[in-house]
Amino acid sequence: MRELLEILEHNSRVSVSELASMLQKSEYEIEKEISRLEREKIILSYGALINWERFGDDTVTAVIEINLTPQREVGFDAIAERIYRFDEVRTVYLMSGNFDLLVIIEGKSLKDVANFVATRLSTIEGVTQTRSHFMLKAYKKDGVIVDDEEQDRRLVVSP
Amino acid sequence: MNWSEKLSNSVQSIAPSGIRKFFDIAAQMQDVISLGVGEPDFVTPWTIRESCVYGLERGYTSYTANRGMPELRAEIANHFKRRHNLTYDSNKEILVTVGVSEAMDLAIRAVINAGDEVLIPEPCYVSYQACTVLAGGVPVSVPAKIENEFRITPEELEPYVTPKTKVLLIGYPNNPTGAIMERGDLLKIADFAEKHDLIVISDEIYGDLTYNGVHECFAALPNMRDRTILLNGFSKAYAMTGWRIGYALSNADFIGAMTKIHQYTMLCAPITAQVAAIEALKRGEKYMKKMVAEYDRRRKLIYDGFKQMGMDSFEPRGAFYIFPNIESSGLTAEEFAEKLIMAEHVALVPGTAFGKSGAGHVRCSYATSIEKISEALNRIEHFLTKR
Numbered sequence: 001m002r003e004l005l006e007i008l009e010h011n012s013r014v015s016v017s018e019l020a021s022m023l024q025k026s027e028y029e030i031e032k033e034i035s036r037l038e039r040e041k042i043i044l045s046y047g048a049l050i051n052w053e054r055f056g057d058d059t060v061t062a063v064i065e066i067n068l069t070p071q072r073e074v075g076f077d078a079i080a081e082r083i084y085r086f087d088e089v090r091t092v093y094l095m096s097g098n099f100d101l102l103v104i105i106e107g108k109s110l111k112d113v114a115n116f117v118a119t120r121l122s123t124i125e126g127v128t129q130t131r132s133h134f135m136l137k138a139y140k141k142d143g144v145i146v147d148d149e150e151q152d153r154r155l156v157v158s159p
Numbered sequence: 001m002n003w004s005e006k007l008s009n010s011v012q013s014i015a016p017s018g019i020r021k022f023f024d025i026a027a028q029m030q031d032v033i034s035l036g037v038g039e040p041d042f043v044t045p046w047t048i049r050e051s052c053v054y055g056l057e058r059g060y061t062s063y064t065a066n067r068g069m070p071e072l073r074a075e076i077a078n079h080f081k082r083r084h085n086l087t088y089d090s091n092k093e094i095l096v097t098v099g100v101s102e103a104m105d106l107a108i109r110a111v112i113n114a115g116d117e118v119l120i121p122e123p124c125y126v127s128y129q130a131c132t133v134l135a136g137g138v139p140v141s142v143p144a145k146i147e148n149e150f151r152i153t154p155e156e157l158e159p160y161v162t163p164k165t166k167v168l169l170i171g172y173p174n175n176p177t178g179a180i181m182e183r184g185d186l187l188k189i190a191d192f193a194e195k196h197d198l199i200v201i202s203d204e205i206y207g208d209l210t211y212n213g214v215h216e217c218f219a220a221l222p223n224m225r226d227r228t229i230l231l232n233g234f235s236k237a238y239a240m241t242g243w244r245i246g247y248a249l250s251n252a253d254f255i256g257a258m259t260k261i262h263q264y265t266m267l268c269a270p271i272t273a274q275v276a277a278i279e280a281l282k283r284g285e286k287y288m289k290k291m292v293a294e295y296d297r298r299r300k301l302i303y304d305g306f307k308q309m310g311m312d313s314f315e316p317r318g319a320f321y322i323f324p325n326i327e328s329s330g331l332t333a334e335e336f337a338e339k340l341i342m343a344e345h346v347a348l349v350p351g352t353a354f355g356k357s358g359a360g361h362v363r364c365s366y367a368t369s370i371e372k373i374s375e376a377l378n379r380i381e382h383f384l385t386k387r
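Residue numbers (my numbering), protein chains in the order written: chain A, 1 to 159; chain B, 1 to 387.
These are computed hints drawn from the structure, not numbers from a lab. Treat the numbers as computed from the prediction; the structure is a model and nothing was measured. Treat each hint with caution, since some may be false.
No farther apart than 30 Å at their CA atoms in a straight line, the calculated lysine-lysine pairs in the BS3-like style are these [as the list claims (entries may be wrong)]: (1) B/Lys166 - A/Lys32; (2) B/Lys260 - A/Lys25; (3) A/Lys140 - A/Lys108; (4) B/Lys282 - B/Lys307; (5) B/Lys166 - A/Lys41; (6) B/Lys290 - B/Lys307; (7) A/Lys32 - B/Lys290; (8) B/Lys356 - B/Lys164; (9) B/Lys145 - B/Lys307; (10) A/Lys140 - B/Lys282; (11) A/Lys140 - B/Lys339; (12) B/Lys166 - B/Lys145; (13) B/Lys372 - A/Lys141; (14) A/Lys111 - A/Lys137; (15) B/Lys164 - A/Lys140; (16) B/Lys372 - B/Lys286; (17) A/Lys41 - A/Lys141; (18) B/Lys21 - B/Lys339; (19) B/Lys307 - A/Lys140; (20) B/Lys372 - A/Lys32; (21) A/Lys25 - B/Lys289; (22) A/Lys141 - B/Lys166; (23) B/Lys21 - A/Lys140; (24) A/Lys141 - B/Lys289; (25) A/Lys41 - B/Lys286; (26) B/Lys286 - A/Lys141; (27) A/Lys141 - B/Lys282; (28) B/Lys164 - B/Lys289; (29) A/Lys25 - B/Lys21; (30) A/Lys32 - B/Lys164; (31) A/Lys25 - B/Lys166.
Please model the entire structure based on the sequences and the hints provided.
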């Protein structure tokens, strides 16, 4: 049910009864469908998108480009797994182009992240090169504008 | 000196809008949830805004042709060819206006002589009667019935026809009721218009906001193209209310006459809005469809909500309004709206603001977020159970 997913993707707090009304199904049907989507790992998680900087945390985010030597049988998958299992690693994509993996890492400090790259990532067998880019500012995350100044400017009542 | 005595008779005869009072109350409240807003809660899609900014940077700041920029008229003609298989000559049969509001005024002024009568099904948008009066015409209100889901039929119109009847003015999908007319309903109206040789002014500003089906364009019905002055615009479908941009389509004589008034009063629609409107027609459709899908979800949510609290409403199929019957509360529409905003800080508009036949109903706009709709429904339910 594509529409259910579209709604939840933007707001996972919409209640089952609201979903039932909007999709013209019973609450039972909605619950059953959501369980199925969770079971089949189509819905992966229900996190909130948080502006930690505004909350007061100073985290450091780095985008790392990694070049790999692919391995027989498994290609890049085995090395990717060794990398994505680390908690520090937020995102891992296999890319076309000049490098193979794009890895996003979060750490408490520059030193923290640099240390992780030097001691854990670069030392993995098959990793031939890493290039780290530290993130300076997030303007938009996962489709959400971080500091959106737009607001409802409509008159409260109009014909 | 009593200056008001010097005002023209026609202006004096127009009643001020019934919405004002609720606006004043709501504007002073902090936590008000408004279901009283007659415009989208979305901001104009960025690609449209960006094209306007780019246009300004390149110096698009001049007058345009009275009828509107040729490129915009061509896009409008393409749009109607594609969507409704209707052909309009972009040089003679299309006029770009400052919103449908201006187009409505021009259409009425172009065809009405003093004393001519205009049939206006009610409830309807607030400007129809006023524009008619200002043009020297006589508005003849024809009540649409809830039993009929606020559609209008020839049988209902027939008793109001006189030798002076010249125009039938319809607005579907309807503000405030959310009613639509299906093809079969409109075909009967088309026969009626032909039988009495009436000009039909069709305000289809909410046309793209039609749910569970497609919008039927009145001018696309057999033999109706030349008889119809078709009004539409960008305000509702593309969330562009503040840009003030609309258009009128009809035969070359009507559009020519309207253009004459337009050139002496408005000269042209703002070029900034015209540039944006071109982008809306070229690349705006996917954003429009996303917004329509969102309105549709909210429509179902609010319709279910009213049903569950036992408030009667037919299922609205267009625009972004629902028009529940509130007579079971024992209150008039005015009282209901006033007591509700005072007690629960929910703003809506009494049906009577849109004509006498709106009595016993309130207009609720669902052009607001799901969270707010749910909260407003809770407050309304609280209001009803407390009474």
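| Okay, which hints does this one fail, numbers in order? | 1, 2, 4, 5, 11, 15, 19, 22, 23, 28, 29, 30, 31
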